[in-house]
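Colleague: Next come the chains, spelled out residue by residue.
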Amino acid sequence: MNEKIDNIILKISAETLEKLVFMFASPYDPEESTEQDPDTGASVSFTGPFSGTLGMKVSGEVLSEIAVNMLGVDDEDETTPDDQNDALKETINIICGNILPVIGGKEAVFNIDAPMIIPEGEDIKERDGEKLVSDAKLSLDEGRCDLVLFVNGEIPD
Amino acid sequence: MALNILVVDDSAVMRKMIIKTMGMCGIPLGEIKQAANGKEGLEELGKNWIDIVILDINMPIMNGEEMIDEMKQDSEIKDIPVIVISTEGSSTRIERLKEKGARFIKKPFTPEIIRDTIYEVTGVGEGDE
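Line order of the protein sequences matches chains W and G.
Count the first sequence with this note's numbering and you get residues 1 to 157, in order.
Count the second sequence with this note's numbering and you get residues 1 to 129, in order.
Calculated directly from the structure, the hints in this document are not laboratory data.
Incorrect hints may have been included.
Calculated cross-link-like contacts (lysine-lysine; reagent style BS3-like; alpha-carbon spacing at most 27 Å) [said to hold, decoys possible]: (1) G/K33 with G/K98; (2) W/K131 with W/K11; (3) W/K106 with G/K100; (4) G/K47 with G/K72; (5) G/K16 with G/K39; (6) W/K19 with G/K33; (7) G/K33 with G/K100; (8) G/K39 with G/K78; (9) W/K19 with G/K16; (10) G/K106 with W/K11; (11) G/K39 with G/K100; (12) G/K98 with G/K72; (13) G/K16 with G/K98; (14) G/K98 with W/K106; (15) W/K4 with G/K106; (16) G/K16 with G/K78; (17) G/K39 with G/K72; (18) W/K19 with G/K20; (19) G/K100 with G/K78; (20) G/K33 with G/K78; (21) W/K19 with G/K98; (22) W/K106 with G/K106; (23) W/K19 with G/K106; (24) G/K33 with G/K72; (25) W/K125 with W/K4; (26) G/K78 with G/K106; (27) W/K106 with W/K131.
Just chain G, same shape as in the assembly (with noise of 0.2 Å):
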């Protein structure tokens, strides 16, 4: 099964990192979407199927965790997994995020580290198509 991700972060320079991070430890990708802020990123969860968000949380006009509170809001939309990639060191708030359902990995990641955390939260492995 192909997944279709959209990628949330202020950086485009970390959002295309993340993408060929994804594309080179085989991860299924279907159609990647690309947000800069957490209100972009909702507009593309109304527009498209999306499997996955990929999330950043210090972002410009809305941050992730906000994103992740209107998501919630949204039947259509609140099951969709999330997975936080961030520099958010404070355990306090990676506690507030792990209780809204997210997963979370700290900056710099490996793609070991998202290819085995995007497994887990789909179900999805290696060999899926």
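Chain W extracted, bound-state conformation (with noise of 0.2 Å):
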């Protein structure tokens, strides 16, 4: 694990989410942590100078309030699982965007695939000749989001 690359995932996930959707994201501690474990999550893979597929899980009540603070609306009932999908892909899809020109330099040209939603209870995967480089965990409000990311290639120091 790298723990560079886990503090860099961790800022630009906290700042995403905070302008994005509203929540405000501090460091997981597991021994201070009351939040369930993450159930739902999505899944980015990218191409360039190296590879990779960043995945990110959310438990409790994570996954409406960000579709309800990316829509604008009052409350979980004026979303449909639709939105809360559509809205988490596009949050993941944000933090991989922002996230890729810090850790792969600013003149760095990726290709971002379109995300994919990870159906509840499976594990995010990686892709062929990809390897764990960070596991980082946020605690939030309205529960947890785990980030991890996987590399196929050497990341610039």
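Starting from two chains that each stand alone, build the complex the way the hints lay out.
Modeller: Here it is as structure tokens:
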């Protein structure tokens, strides 16, 4: 695991959640946490100077809260499961788009695939040749957010 | 002057968010059209009078950069202002989009950035109706 990459992912994910959906995150502390394990997730793969997959799983009310805040509606009943999945996919897409120039360099050109929903109960899977380089966790008021990054190739220092 | 705006993004939630944001920050809105990719976007441009295009880049079927290239080939629509709102982080790609005449806003965005950029490219200002 790469602590520098963990910190980049935690910082950018927290900033994105705050700006995009007004959710405030702090580093996960397993000794103080009472949150449920994440059960709903999405992943996005990319190619470029190095390729990889970024995965994100969220717990509790996080999924519905992301959709509610993104759509600017008053409560969860005003969102559909499709809205919630779409909101989660857009969130990971934005996090990925903001992480890659930081770890790959501003001039590097990456192609980001369409995000995909991870069926409930399934783990985030790496593609062939990819290795786990980061496993980062955030605590939110509404639950937890776990992020993993798998990479195939060399990440520049 | 109310602005007719075309929002092109493959995420329905992001289209709704952009439209809601534009409404919240006082932009004088006329008709709002939506499309899920560049091909659908060009079809909407062929059917409607549009003052400004809000465009994502990474989309299936036809991406945003390809849509801009197609627009530049058509004298009827080549001068419509384009604002790209995207997760794109590569300075190489962002410069290429700017050379094609597009303005660029990175996601996640603030309402103020959208409002100010629309006012800049259209010349429409606060208080216009």
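Colleague: Give a verdict on every hint.
Modeller: Do the hints match the structure? See the list:
| no. | hint | result |
| --- | --- | --- |
| 1 | G/K33 with G/K98 | holds, 24 Å |
| 2 | W/K131 with W/K11 | holds, 22 Å |
| 3 | W/K106 with G/K100 | holds, 20 Å |
| 4 | G/K47 with G/K72 | holds, 17 Å |
| 5 | G/K16 with G/K39 | holds, 19 Å |
| 6 | W/K19 with G/K33 | holds, 26 Å |
| 7 | G/K33 with G/K100 | holds, 23 Å |
| 8 | G/K39 with G/K78 | holds, 15 Å |
| 9 | W/K19 with G/K16 | holds, 17 Å |
| 10 | G/K106 with W/K11 | holds, 17 Å |
| 11 | G/K39 with G/K100 | holds, 18 Å |
| 12 | G/K98 with G/K72 | holds, 13 Å |
| 13 | G/K16 with G/K98 | holds, 25 Å |
| 14 | G/K98 with W/K106 | holds, 16 Å |
| 15 | W/K4 with G/K106 | holds, 24 Å |
| 16 | G/K16 with G/K78 | holds, 26 Å |
| 17 | G/K39 with G/K72 | holds, 14 Å |
| 18 | W/K19 with G/K20 | holds, 16 Å |
| 19 | G/K100 with G/K78 | holds, 10 Å |
| 20 | G/K33 with G/K78 | holds, 18 Å |
| 21 | W/K19 with G/K98 | holds, 25 Å |
| 22 | W/K106 with G/K106 | holds, 13 Å |
| 23 | W/K19 with G/K106 | holds, 12 Å |
| 24 | G/K33 with G/K72 | holds, 20 Å |
| 25 | W/K125 with W/K4 | holds, 22 Å |
| 26 | G/K78 with G/K106 | holds, 23 Å |
| 27 | W/K106 with W/K131 | holds, 23 Å |
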